Structure formats: structure tokens, C-alpha cells
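Residues per chain, in single letters:
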Amino acid sequence: MPDFLDTKKRLPNLGIGLGLRRELATQTLESKSRIDWLELVPENYMGLGGACRERLESARNKFPLVTHGINLSIGSTDDLNSEYLSKLKKLLDLIDAPWFSDHLCFTSCDGIYMHDLLPLPRSKEAIKLIAEKVKRVQETIGRPFLLENISYYMNVPGCEMNDSQFLAEVAEKADCGLLLDVNNVYVNSLNHGFDPYQYLDQIPLERTVQIHVAGHKQGSEYVIDTHGSAVVEPVFELLQYVLERVEAKGVMLERDQNFPEFEEILMEVDRIRAISDAAAQVRRSGMPPKAASAPKHFDRKAAPAGHRDLAEVKHARVLSA
Amino acid sequence: MSSLHEIEKTLTSVWMQRQPIESAQSLSCLLESDQFDADGARLYARLIGYGHEDVLTSIYPYCAELLGNSWEKLVKKYVSVFPPDHFHLNSSARRFPQFIREHCADLLEKRPYLAELADYEWLEMELLEVDTTVSVTERTPLSDPEAFVSLGPVLNPTLAVKTYKYPIQKIVDLLDEGKGSRKKFAPEKSHVAMYRDPFSHRVRIVELDDNAQVLLSEADVSSYGQLAKRCVELNPERNPQSAVTDLIELIEQFHEINLFVGDRKVGK
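Chains as they are written, first to last, in my numbering: chain A, 32 to 352; chain B, 127 to 394.
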């Protein structure tokens, strides 16, 4: 049995969480009765004082916290940034995070940071590099590390396999956990024409420690992972599909922009909790989990024709709180 | 086959708009039948470009307002000269004042105060985030003569005092009022004190005259009494008692607005 699965067994079950965002911080911090834990973007707190520090202190006094980074740049051929790792470690030690995560992507090259989550060539060379870097990251930080599947809008040159094979091989070779973003799976399935359930069946779901649930937006040609809309039913269905098969130690809602009334956000958190509770019962009962929903039209050409509307994707960046 | 580094390097150049998208077609890992996804690359280039513009606009709103339609082009030029080199997003904007000074002679000809305005805006950003804890301690009233000679002020540790060749605060105030974007400003030396309030965490800005600037620069090594003496020296034409009264009032104000955050004992 790989080591990480032993590690997973020892991780606490955090329950249902929410991403800590500056705009929603006051209401979030007052909603302990409906939110179990918070995820924060470490780059927004590492080495920063003032309001950021105060928000962090308030959050850690009330909630269990984990971090979800943007700029570890695990897939970059650049060496790991020691300043980044040192500041991240300090933050993780301060909040005593049970685990931490970042994205399976690259964000920098030759020292240039693009501040966006960029798709990698899905190659053996990339897998080897990432596995080595993940091991060094886990050794340096001393806490379990998870990688998240990103949403991507182009297949870059040099791909030797599909996304699920790539994710599976990276997770196995690096022996790390998965942060499974079911909205990203759904968005990618629409943009690149594959069956999201088949995708889930092809990845080592048992490595899933945390799950992200979010909303997206239909652009004129692409579906964009905006974290700025309500979660759609097919994404909840994917969540149910996963949770009936494996236990996740934390499931959370990401809402980063276009904020509705806070109660709407809490209602989505409640919905995630209901799905999670029901799925846990299925797992405990030993009953067969629900079969996959019928695949929809996973054909990119089925999206409305026309030029890509760049204005519509303006807010797709994963940025600061 | 292209190496991983070669692919990442090419994609970075294309996405950062440092090379034309077509240049990626030369990657040897592309099979003969494959085409580089130029549409996808354009999408990422735009997303990354929007990101740069958002960050720069949020940190330099006055510069952005002054430059209007030419702002987007200027941001692109800035990023090409000083590509983001740090994992902290806001840090990617830190060299913008330097960029204006060294690479924008044409803009400075029309608005010679622009580099100083950018410096002012970056300083505000820096102070908002600086990892310094500000503690406010109890004070002894200055009416106690012993305290007046044995104590001096503790400066807010985030305090930065800047001297500009142009009236930067006046320019900012006019822009806030919706005026000033077309106005020309003559050189006029100005001083501003900027610091982060320990309670609201907002940056506060105080305009200083020449004498206040001198007194503030000496405040961290002086007692209140020494500051009073210096104040009299700096105002030879004024009645000493009235100059000291004004200074005491200023000191009280500085404590009230948390520019001074307590008293410290001064050695003899």
C-alpha cells in the first residue's frame, strides 16, 4: 500500500468548508454554525501584515485552516523557490494545517511568474520532474501535500497522454494526495469532449483528500471556470459520484467573485453537506453506489459557434482573496 | 523532441506576448499533422494580460486615470521590460515607478511628476502589506514637566516620510475631486508622511511643511523637550512660546492619529 494512503487514514475529517475571501471574510468568520473549516490562498498571507494578518488571526482562532497555493509552480522546470517554501512552511506551522495543496500546472518559467494556472505538456518527462519536486516539497514542509486537477483551455504541445492518465501517474509516482476539483472535471469534459465519469474512474480516487466544488460560466466558445456562479446540478452529481466511492477529509465551496447574498453561499454549503452525509451513508451501508449519470454532449463543437468572447473570460484568473 | 523546458519557455514567450504565437509552431514535439492551438494560446495571453492590467490598475489608480486610453499599452510595455519575477502578485507591480523614470521619457515630458506619483502609490501599497506589528502604548501627559524632558515619542514603525519635487498630495486630492487630469503642475517641493493605522489597518497620509518634516525626521532620537528646542531654532522669527505651543498641539495630533504610538524614555 502506498505510504500516502496510510497518511490519509490519519488525517482529520474537517467536514464542509468555504474558501476564505476578503470580500466575504466578516460573514464567513461569523458563520461557524454552518461552515466547518476554511481554505485560504497562502500567497495572500505569507509574510504580510496589517489587515491580512488580522484576518488570518481571526480565522485561525475560529476554524481549522488549510492552504491552497497558486505559485508553487510544481510543473515548472525552474527549481523550487526556497523563499516561497520557507514562507509557506512558516504559515502552515502557524495555522497547523493538516495538509496543504497546489495545482498540477506551471505558473513560472525561467524566473518569470505569469500568475495564472497554465497547462503542462502531459509527458513522462513532466511526470518525473513533478514527482521529484513533490517529494522535496513534502520533505521540506513536513505535511501531507495534495495536487489539484486544473481546468485548461488548450492542449499544449508535447502531450503524450490524456489528463486522467497524467493526473494518475503523477499522484502515484509522487505518492501525494489529490485535491479533486469536480467543477474542473466537468468544465474540461465540456471543453475537450470527454466523459467526466470515465475520467473519475481512471484516476486514483482513493487518494482524494479534499474536494473543490464551484460554479463556471458558459463563454461563447469555451466553458470558463470562473468560481463566480452558482454550482450546477451536474457538478453536484459528480460530487455525489465521488463521495459514494471514497471518503474525502474535506469538501468545500469556492466562490471568488460575482458574490450573491451570503445566505445563497451558505445554502450551497448546506447542499454539499447533505450530499456528503448521504454519500457517507451509502459507503457505510455497503450498498452499491449510484451509477454514472448518462453522459451529456461531450463535444466541444456542440458549444455555440462564433468567435471566442475574450471579454467573458476576463475573470477566469485564480487570484487573490 | 522538444524538452519540457523548451516547451515551457516557448509557451511562456507566447503567452507573455514576447514572441508571436506562430513561433510556437516550430516546436519539434508537434507532429507534422498537428497544429499549435493558436486560439488557445491567444486566450491564455489575454487572460495573463488582463491579470497584469488588473493588478497595475488596482495599485496605481491615479496613474491609470491620468493616462486613460494609453494605460493598457503602458502596462504591456512595463511587463515586457520588467516581467513579473515574484510569486507575490502585487510584487509584480513594484518596479513601475522605476519603469516610468527610466523608460517613459515621452510621458515625463508631458507629466514630469508621473514617476513621483507612481512612487507615492506604490508606497501606499507597501505599507498596507508590510509585516510589521504596530503596538500603541499608554502615554504620559506632556503637561508633566519631567515627562517633557525625559520622554520622546515612539514613531509608528510603518512610518515613511517622502520628499517630492512636485506637490503629489495636491495632485492626488485634485484627481479625487475629478479635477487635475489635464492640469499642468509646476515643481513645488512637498513632504508626505505615510503610515498604517494600527486599528483600521488603512494607510494614513499626512502632508508636512518643511519644519514638520525636519522635526519628524529627528523625533525618534529626541525628547519632547529637544524637539521643542529644535522647533524654536527652526522658527527664529516666531515668538518661542507660541512656536512651542503649536509644536505641543502637533505632537498631540500625531498621537491622536497614531503616527506616534507611545512614549519612550530618553537617556541624558
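It is possible that some hints are incorrect.
DSBU-like, lysine-lysine: derived pairs with alpha carbons at most 30 Å apart [as the list claims (entries may be wrong)]:
hint, chain 1, residue 1, chain 2, residue 2
1, A, Lys-248, B, Lys-202
2, B, Lys-135, A, Lys-118
3, B, Lys-135, A, Lys-164
Some, not all, of what chain B presents toward chain A, calculated at C-beta under 10 Å [to be verified]:
hint, residue
4, Pro-210
5, Leu-234
6, Val-260
7, Val-318
8, Arg-322
9, Arg-328
10, Arg-330
Don't read these hints as lab results, they were simulated from the structure.
From a predicted model like this one, the values you see are computed outputs, not experimental measurements.
Using N, Cα and C, we set each Cβ at its ideal position, and we do this for glycine too.
Against the structure, the hints:
Proposed proximity of Lys-248/A and Lys-202/B is supported: the alpha carbons are some 27 Å apart, at most 30 Å. Of the pairs offered as hints, the one joining Lys-135/B and Lys-118/A holds, with about 27 Å between alpha carbons and a cut-off of 30 Å not exceeded. Distance restraint check for Lys-135/B and Lys-164/A: the Cα-Cα separation of roughly 19 Å lies within the 30 Å cut-off, and the hinted pair is therefore satisfied. A distance limit of 10 Å between C-beta atoms decides the matter here; for Pro-210/B the minimum to chain A is near 4 Å, and the interface restraint holds.
Nearest Cβ of chain A to the Cβ of Leu-234/B: about 27 Å, over the 10 Å cut. The hint is violated. A least Cβ separation of about 9 Å between Val-260/B and chain A falls short of the 10 Å threshold, and the interface hint therefore holds. Annotation: interface hint on Val-318/B violated; nearest CB of chain A at approximately 19 Å, more than 10 Å. Interface hint status for Arg-322/B: upheld, as the beta-carbon distance to the closest one in chain A is roughly 6 Å, under 10 Å.
With 10 Å as the threshold, the beta carbon of Arg-328/B comes within range of chain A, its nearest partner Cβ sitting at about 8 Å, so the hint holds. Contact between Arg-330/B and chain A, as hinted, is not supported at the beta carbon level, the nearest pair being about 12 Å apart and thus beyond 10 Å.
The structure does not agree with the numbered hints 5, 7, 10 stated previously, though it agrees with the rest.
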